[in-house]
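Novice: Heads up: the protein sequence lines correspond to chains Y and B, in order.
Oh and the first sequence: position 543 is 545 in our numbering, straight run, nothing missing.
Oh and the second sequence: position 18 is 607 in our numbering, straight run, nothing missing.
These are computed hints drawn from the structure, not numbers from a lab.
All of these numbers come straight from a predicted model, not from anything done at the bench.
Simulated restraints on C-beta separations:
hint: 1; chain 1: Y; residue 1: F28; chain 2: B; residue 2: V738; range: 28 to 34 Å
hint: 2; chain 1: Y; residue 1: W29; chain 2: B; residue 2: G752; range: 24 to 30 Å
hint: 3; chain 1: B; residue 1: N756; chain 2: Y; residue 2: P20; range: 17 to 23 Å
hint: 4; chain 1: B; residue 1: N756; chain 2: Y; residue 2: I33; range: 26 to 32 Å
hint: 5; chain 1: B; residue 1: P645; chain 2: Y; residue 2: I177; range: 21 to 27 Å
hint: 6; chain 1: Y; residue 1: P20; chain 2: B; residue 2: L741; range: 28 to 34 Å
hint: 7; chain 1: B; residue 1: L612; chain 2: Y; residue 2: H553; range: 20 to 26 Å
hint: 8; chain 1: Y; residue 1: T168; chain 2: B; residue 2: V738; range: 29 to 35 Å
hint: 9; chain 1: Y; residue 1: Y219; chain 2: B; residue 2: G646; range: 54 to 60 Å
hint: 10; chain 1: B; residue 1: D608; chain 2: Y; residue 2: I410; range: 47 to 53 Å
hint: 11; chain 1: B; residue 1: L701; chain 2: Y; residue 2: P20; range: 43 to 49 Å
Cβ-to-Cβ under 7 Å is the rule here; a few derived chain Y residues that face chain B:
hint: 12; residue: L18
hint: 13; residue: F134
hint: 14; residue: T207
hint: 15; residue: R211
hint: 16; residue: A245
hint: 17; residue: G257
Positions of the beta carbon are idealized from the N, C-alpha and C atoms, including for glycine.
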Amino acid sequence: MTAQEATFNRQVIEALQPIHAPPTTFWSKYIWSLDHKTIGKQYLWAGLLFLLVGGTLAMMIRWQWAFPGQPVPILGPTVLRSSGGVIGPGLYMQIFTMHGLIMIFFAITPVLIGAFGNFCIPLMIGARDMAFPWLNALSFWVFALSQCLVIGAFFGDLGAAGAGWTTYPPLSTNIGTPGTGQTLMVAAVFVTGVASIMGGINYVTTVIRLRAPGMTYMRMPLTVWGQFLTAILNVLFIPVLGAGALLLLMDRLFGTQFFIAGAAAVKGGGDPILFQHLFWIFGHPEVYILILPAWGIAADLLAFFARKPAHWYKGTVLAMSAVTILSAVVYGHHMFQTGMNPMLGQGFTTLTLIISIPAEVLFLNWLRTIYKGSIRLTVPMLFALGMVFVFGLGGLTGLYLGAATPDIYLHDTMFVVGHFHFTMAAASFMASIAGLYFWYPKMFGRMMNTTLGKIHFWFSAVGITAVFTGQLLVGYAGQNRRLWNPYAYDIFKPLHGLNQWTSYFAFVLFFAQAIFIWNFLSSMYIGKKAEANPWQVGTLEWSITSPAPVHNYDAIPIVQRGPHELSNPELVRRLGRDWVGQAEVVAEEPGAARMAQGAR
Amino acid sequence: MAATRDVIPYRPAAARGEDTAWLGMFIFLGSWAMMFASLFFSYGVLRFRQATWPPPGTPPLPQLLPAVNTGVLALNALVLQRALSAARRGAKSRVVAGLLEGTLLGAVFVALQVVLWTSLFKSGLALEDGSLAAVVYGLTGFHALHVVVGLLGLGLLLPAVLGGTLNAARNNRLRLWVMYWHFVGVVWLTMYLLIFVV
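Kindly generate the complete structure, drawing on both the sequences and the hints.
Specialist: So, in structure tokens, the structure goes:
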């Protein structure tokens, strides 16, 4: 290529994403910001706040299982004064319902997808912003509206939503839960779905259209792959949940009978099971929506801190894509107990267990990545390893539930609760926190405290493992989920001690998060100033200053190589360091160029 | 640097921006197609749960009105498509005329739907009357909302074209709204065939 052609190319690239003047007013800087980094941070704050709310609700559930019917400390005399400080059966239903819905839709989703997706995708593919910045800002504010509906639901007459996070009719219709709290929560789920779809459209379009020159699909960091596949699932399957929520809202508000059958429906009523189909057609992809970004983040971090390229990168990408496709055809394993044809059950069992093949590929790739690596046990690496550990436990227990035969016995027990908490709660949480420690310098320009981070890790890892193992054990012993007082049944009385110990670990886990909150907030002011590339890795976002400037890149980078070019012996010899930037031009040695041409 | 040349098609930035917008719209409509597919799936499940369809005790559905309305939306699609090709030629008056006709036909569709609902209601089909009523009112009502959104889109585009010139940005807006209208039309055709014909 001539110099003239190169200049022309550069002009074409720059013309596609011109640098806009940085925002100056408070409104355009913090409220209606079009900058993907600010929108990511908005999602982060909103999500972390609701994570705290969801966690508090979880502690109330654990209190009830440890000391059923006794007044709740701290919250009893303040929030629960109207019920005399104790958790009654009705209130208990509302607590676990709100815990589940808040954690999934209003805490993990905004942090893992909203915050990291927005913050990382344009930076890591070398773009200046998302494809549709305006839609991106709208997505956040629609999401904020849905959170307002959630807050409103707490103050509904007859209390908050109480039909379980799955919102099955007939319990979720006006017959089972007539309060406005339930209506507001169904509406909130619909609205947050709209926000997720807007985000998903943006992510998919951005990855397809705005990758920097040379950033081929097979050079994208695995974090971006995780977000990309998640966005595809979001765009395709959130609308199915939306349809379910829409029909349920029509039933609740206008009196239609989509889900009402039996005595309440005289002229050929609807079908409550229909909702379960709609819910789980979405619901199974949803568990991968919440785990794919976590896989991506963990896979990148393992490579970065083992100072090795990710083992069989293409295999990881293929496996993640295979899981994405398979996740769409296995939803029936949530409905083995609905009178499904056993033949169909067998089909769903087979398809479900097939998912373990790509999952194994992923898992082995992670292990081979760290095998014989020069491991640096930084805080993000610890959390990434923690994610591998808890996801392993969650995945293995999934085999029990994916096959129809054991599932019939374990259905609706605490074993199910333990399983999905290991995958969706523990693994997503670990990866989110790993990502926060890792990208904190790029987000806020300072480093988080390492010692506090390590203390936080050990409390979290031990706490999470103990709590959810406790759930698995009582579930295997037969304890049903969602019981207000399990010990009302003689057979569960011997499990009281185990449940109490699980609760103690849960309280420790919860209060240990104060270390993180302190570290996260205080480091913004007293943390060590971060250099551009504190972790010494090569992905694009570390080639610019910390925190990232508004326009990201002064010149759009021209990508030369994959994301994990670490410890390449040739480059170590020539550069004197074990990492090289994705867009870094390493001058070719004249001899090497001749040899390459000769070989061709 | 050879790789760089391969990945940059030599096209003006504006055209690439339009392609990006088209892709975004395509993904959105694909997503929304899943929403309507779920609604049709729900209808199928509800229908096969009944021993007979329509369920006993429900009045017969009107045939003429929805058929006429299908024609109205088909005409609308034709008019808008012609407006779009006029926009590509730069014939502003044809575009304005097409937008006006398209808006009018869309409004006629909504009006006829309201007539359909009221006549159904008068013939004794209340919202609470089982799955047939739920499907007919719920699905067509939700679809009509999309027509109203499309009307808003055309209604906002019309003064912009009328007061200004036809530029690339406005042509692209028109192109995306026509895409949206075609989607709404295809959804209606499916709905008409599934609910009123078979």
